Amino acid sequence: MLRRLFPHPLLSILLALIWLALVNTVTVGQVVLGGVLGIVVPLITAAYWPGRPRMRAPLMIVEYIVVVVWDIIVANIQVALIIVFKRQKDLKSEWVTVPLELRSPEAITVLAGTITMTPGTVSAMLSSCGTSILVHCLHTDDPVAVRNDIKTRYERRLKEIFP
Amino acid sequence: MIVEIVISFFLVVSGLFGLVGSFGLIKLRDTMQRLHAPTKATTVGVGGVLVASMLYLALVEESFSFHEVMITLFLFLTAPITAHFMAQTHIRMRVDRNELPPTQRDFGWSLFDEPPEMDPAPTKDTAKDTAQGN
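Those protein sequences? They're chains A and B, same order as listed. Residue 1 is where the first sequence starts when you use the numbering used here, and the numbers rise one by one after that. Residue 1 is where the second sequence starts when you use the numbering used here, and the numbers rise one by one after that.
Hints are computed from structural coordinates only; laboratory data are not their basis. Keep in mind that this is a model prediction, so the values were computed, not measured. Heads up, the beta-carbon is just placed ideally off N, CA and C, and yes, glycines get one too. Hints are not guaranteed to be accurate.
Claimed, not checked - Residues from chain A that keep clear of chain B, each with C-beta distances beyond 12 Å, as calculated:
no.	residue
1	5
2	21
3	53
What the hints assert, rightly or not - Below, in silico cross-link-like pairs of lysine-lysine (DSS-like), each with a Cα-Cα straight-line distance of 27 Å or less:
no.	chain 1	residue 1	chain 2	residue 2
4	A	151	A	92
5	B	27	A	89
6	B	27	A	86
7	A	159	B	27
As the list claims (entries may be wrong) - A short list of chain A residues far from chain B (calculated; beta carbon distances all over 12 Å):
no.	residue
8	37
9	58
10	59
11	75
12	83
13	86
14	98
15	157
16	160
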């Protein structure tokens, strides 16, 4: 019954918070409206998202966000230097295959998004069985190191968040 | 005074990154390489403006705004999806499947190969993962 009413409890809380942030005021009326949205939207969309992703290790989520933000800043500077100073013919772009140990679709989505948002790498395609991800790397001398970086920095943490 | 210097610092940094990102669009020759430029501008470039905006509102106008957080959230949700679609279109139209590295799995890349039959049992290559020792 409770599960039927709240198919995605975390999503409900998130939607209510996002609503409050969008209207940028916290009044009783807006809290009620946010709560209604948080209940109604997951109910309507439940048919398209039948599973309920299991998440744990909330501290790990914080750590993951900090690591990703730090990597984005560092990688941005590296890519900016590559664009400004590297000559076109010295650029060595590579396709890198990253075989995944993650199986939850939500976790793979987060990983693919992270790979794209960290500059220098773009996730381009999944294998048709969904267990391997194709990454395009702007410039690298060592494709294996790029793969291992993705696996140890992001995938290892995601595996703890989405068991 | 210090507040203004800090805010201007963030604005200048984001402007610089935006400029380099746009310059990359001109300089880089390959479509996949050019795809890297916009993902850059949206992260540190936009992020810098948003941090400056939050600092300005918090310290000068003394009100707090959540809108910057929302912009960041929506950017992080939408930018990878756009990039992913552009990459898929590019691969489908311009890339030969033999240029791509193998998947290291039993099945090929999703644009070129049919997905495996859905079966309720866990995928059979789970055992191979541990054997490879990645």
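Check each numbered hint against the structure and report the violated ones by number, ascending. 2, 7, 11, 12, 13, 14
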